[in-house]
Amino acid sequence: MNAPNSYRAQPDDRGHFGDFGGRYVAETLMPLILDLDREYKAAKADPAFAAQFDDLMTHYVGRPSPLYHAERLSEMLRASAEPGMGAQVWFKRDELNHTGAHKINNCIGQILLAIRMGKTRIIAETGAGQHGVATAAVCARFGLPCVIYMGAKDVERQQPNVFRMKLLGAEVRPVTSGAATLSDAMNEGLRDWVANVHDTFYIIGTAAGPHPYPELVRDFQSIIGREARAQMLERTGRLPDLLVAAIGGGSNAIGLFHPFLDDADVAMLGVEAAGHGLDKDHAASLAGGFPGILHGNKTYLLQDEDGQIAEGHSISAGLDYPGIGPEHAWLRDIGRVEYDSATDTDALDAFQLLCRSEGIIPALEPAHAIAAVARRAKTMRSDQIILANLCGRGDKDIFTVASALGVSI
Amino acid sequence: MTRLAAAFGKGRPALVCFVTAGDPTPDATPAILDALVAGGADVIELGMPFTDPMADGPAIQSANIRSLAAGTRTADVLRIATEFRARHPNVPLVLMGYANPMVRRGAEWFAQGCAAAGVDGVICVDIPPEEDDALGVQLREQGIAAIRLATPTTDAARLPTVLEGAGGFLYYVSVAGITGKQQAVQASIDEAVARLKAATALPIAVGFGVRTPEQAANIARVADGVVVGSAIVEIVAQYGAAAAEPVRTYIESLAAAIAAAPKEPA
Chain A
1 MNAPNSYRAQ PDDRGHFGDF GGRYVAETLM PLILDLDREY KAAKADPAFA AQFDDLMTHY
61 VGRPSPLYHA ERLSEMLRAS AEPGMGAQVW FKRDELNHTG AHKINNCIGQ ILLAIRMGKT
121 RIIAETGAGQ HGVATAAVCA RFGLPCVIYM GAKDVERQQP NVFRMKLLGA EVRPVTSGAA
181 TLSDAMNEGL RDWVANVHDT FYIIGTAAGP HPYPELVRDF QSIIGREARA QMLERTGRLP
241 DLLVAAIGGG SNAIGLFHPF LDDADVAMLG VEAAGHGLDK DHAASLAGGF PGILHGNKTY
301 LLQDEDGQIA EGHSISAGLD YPGIGPEHAW LRDIGRVEYD SATDTDALDA FQLLCRSEGI
361 IPALEPAHAI AAVARRAKTM RSDQIILANL CGRGDKDIFT VASALGVSI
Chain B
1 MTRLAAAFGK GRPALVCFVT AGDPTPDATP AILDALVAGG ADVIELGMPF TDPMADGPAI
61 QSANIRSLAA GTRTADVLRI ATEFRARHPN VPLVLMGYAN PMVRRGAEWF AQGCAAAGVD
121 GVICVDIPPE EDDALGVQLR EQGIAAIRLA TPTTDAARLP TVLEGAGGFL YYVSVAGITG
181 KQQAVQASID EAVARLKAAT ALPIAVGFGV RTPEQAANIA RVADGVVVGS AIVEIVAQYG
241 AAAAEPVRTY IESLAAAIAA APKEPA
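In order, the protein sequences belong to chains A and B.
The first sequence begins at 1 in this note's numbering and counts up one residue at a time.
The second sequence begins at 1 in this note's numbering and counts up one residue at a time.
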């Protein structure tokens with residue numbers, strides 16, 4: 001049973017976050033999903049599992065990641081605010097992790113589970129390639145063969161990450177079905193899994209999919225929020241007023257938010273990708289979607305009135321997914337977390353703002369969060385604190401950004 | 001007796017045939033369905049097209065894409081079913097597909113639409129018994145069979161869960177994999193069917209990877225039904241709007257092989 005008066009006790013034992021989540025998979029996968037659930041419960045109760053996870057977080061990933069007060073950015077935003085307004089902006093620096101994003105936190109956790117379950121082959125889907133690179137890295141580290149499914153269109157626009165995955169020993173299989181992007185890569189991952197259930201573990205990259213994936217990905221990513229909460233208390237003696245994170249599937253956001261959910265005075269804002277605008281092509285499943293069932297869970301989906309799934313669009317390949325993790329769907333419906341969006345243009349502006357104000361090149365995914373931070377900071381008092389998750393670095397995006405700015409490199 | 005029970009009660013195994021609704025166009029589907037019946041199909045499985053058919057292999061994926069590209073809507077699928085029922089009052093029709101198009105307007109809406117169209121059963125690939133309240137409950141309220149799938153990974157401990165609330169027939173997916181790819185070893189099918197029959201009175205239909213009359217006959221020796229899908233869909237892909245005749249010829253070859261198959265004592 002869920003404890004009353006807590007936002008942190010979800011999901012229930014069937015994997016439901018309110019009306020969302022669940023286990024909507026083909027029968028072939030059900031026994032494996034149930035096995036995974038049992039094994040994850042056992043791992044959670046095993047101090048040796050936690051010790052191994054923590055050790056790798058410290059010595060392989062490079063955690064804890066810093067908590068950084070972006071004073072110059074705060075000053076710049078304050079310059080255009082009313083007197084006394086303009087919140088302090090702080091960043092959780094998860095872009096400094098090994099492999100350049102928060103994705104590695106989850107991959108470490110899942111590969112330890114895979115090994116615990118005696119699985120000998122790893123598959124994963126990837127959009128921008130960050131989850132693919134992180135999966136390839138942990139597979140190399142533990143000596144397991146690795147197949148990464150990636151939409152052919154994403155393979156084309158994310159060549160540096162494709163090469164990184166290959167350097168790390170992974171086989172990258174381009175997916176040409178459908179729109180040839182992340183959603184199609186996930187379909188192909190599920191097709192591989194259903195045909196290879198006996199030896200294969202599917203490392204899902206975001207806090208979505210059939211139960212227990214949304215729960216376990218959240219738990220592994222919650223290291224972000226646990227560290228940030230302790231760091232903020234130590235540095236300032238208080239909790240932040242507002243948390244901000246970008247949302248594709250929503251794993252970095254839920255990782256930051258979850259440890260704070262029961263802190264009533266901490267507001268939270270998830271930022272979806274509004275692409276060309278919410279009235280045009282976008283990837284904002286909460287703002288423009290409806291509840292439905294896809295890829296193992298019930299959640300908000302971009303879809304038409306017949307339930308056919310729409311293609312998401314965002315300048316950020318990592319946000320370009322027509323769904324969202326089920327816990328976000330629930331947190332939105334109960335009103336605990338607020339959700340907003342930022343367009344491609346907003347994100348490009350914020351990307352450049354952070355480069356020039358703080359000397360940090362963010363990934364296009366957190367650039368969406370930074371765009372929202374820039375809007376919100378002006379509406380908050382100067383003694384208030386915004387903590388945003390800088391969930392990835394922008395090295396992978398410089399070609400996309402150059403092209404969007406009309407620069408040839 | 002329901003239409004499904006009658007189809008499995010003919011004293012020989014039933015031939016269950018799948019095509020995707022609206023492939024190549026909604027207008028072409030009725031003639032293809034008629035060809036299935038004329039060729040000897042006992043049960044029709046009408047696939048509801050979906051953008052993300054993650055349990056299907058290339059043949060049925062392409063059929064989904066062709067159908068959606070031709071503009072097939074849920075209303076078209078239900079209309080095709082309604083018209084089929086008018087032409088073939090006694091041939092059972094089952095809708096098969098993925099959860100999202102089925103629940104989009106609400107499970108009750110879909111179940112009522114199926115009932116009004118004369119649909120006998122629904123196979124939903126991605127709603128396992130654990131999530132039965134998302135659709136199964138509503139279907140049964142309308143007198144429509146919630147047809148369940150059993151697979152090589154469905155072990156003895158799990159089988160009762162699968163059978164709880166199951167209706168129509170039990171669809172044994174003989175391969176752990178996607179549609180239309182590899183075929184199962186006959187010995188594994190024999191063993192699985194025996195195991196399933198011991199657990200349920202529902203007819204057992206076996207599918208996935210069945211293409212030749214010989215394979216169909218081998219399955220017919222032990223099972224109550226043989227499901228053929230991708231092989232038919234490939235004929236539709238090849239002949240398009242002119243597929244009815246070659247489909248009928250192919251179905252006749254399967255039906256003849258099944259009728260001639262010696263039945264092993266249960």
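A few of these clues could be false.
Listed next, with one range per pair, are the computed distances between beta-carbon atoms [stated by the list, open to error]: (1) B/164 <-> A/335: 32 to 42 Å; (2) B/75 <-> A/83: 54 to 64 Å; (3) A/47 <-> B/263: 56 to 66 Å; (4) B/115 <-> A/335: 36 to 46 Å; (5) B/199 <-> A/115: 33 to 43 Å; (6) B/245 <-> A/408: 32 to 42 Å.
Because the hints were derived from the structure by calculation, they are not lab data.
Cβ coordinates follow ideal geometry from the N, Cα and C atoms, glycine included.
Within 54 to 64 Å: is that where the Cβ-Cβ distance between residue 75 of chain B and residue 83 of chain A falls? holds (60 Å)
Taking the Cβ atom of residue 47 of chain A and the Cβ atom of residue 263 of chain B, is their distance within the range 56 to 66 Å? holds (59 Å)
CB of residue 164 of chain B to CB of residue 335 of chain A, is that within 32 to 42 Å? holds (36 Å)
Holds or violated: 32 to 42 Å for the Cβ distance of residue 245 of chain B and residue 408 of chain A? violated (57 Å)
Indicate whether the distance between the beta carbons of residue 199 of chain B and residue 115 of chain A respects the range 33 to 43 Å. holds (35 Å)
If you check the beta carbons of residue 115 of chain B and residue 335 of chain A, does the distance land in 36 to 46 Å? Because 38 Å falls inside the window, the suggested range holds.
Violated hint: 6 only; the structure is consistent with all others.
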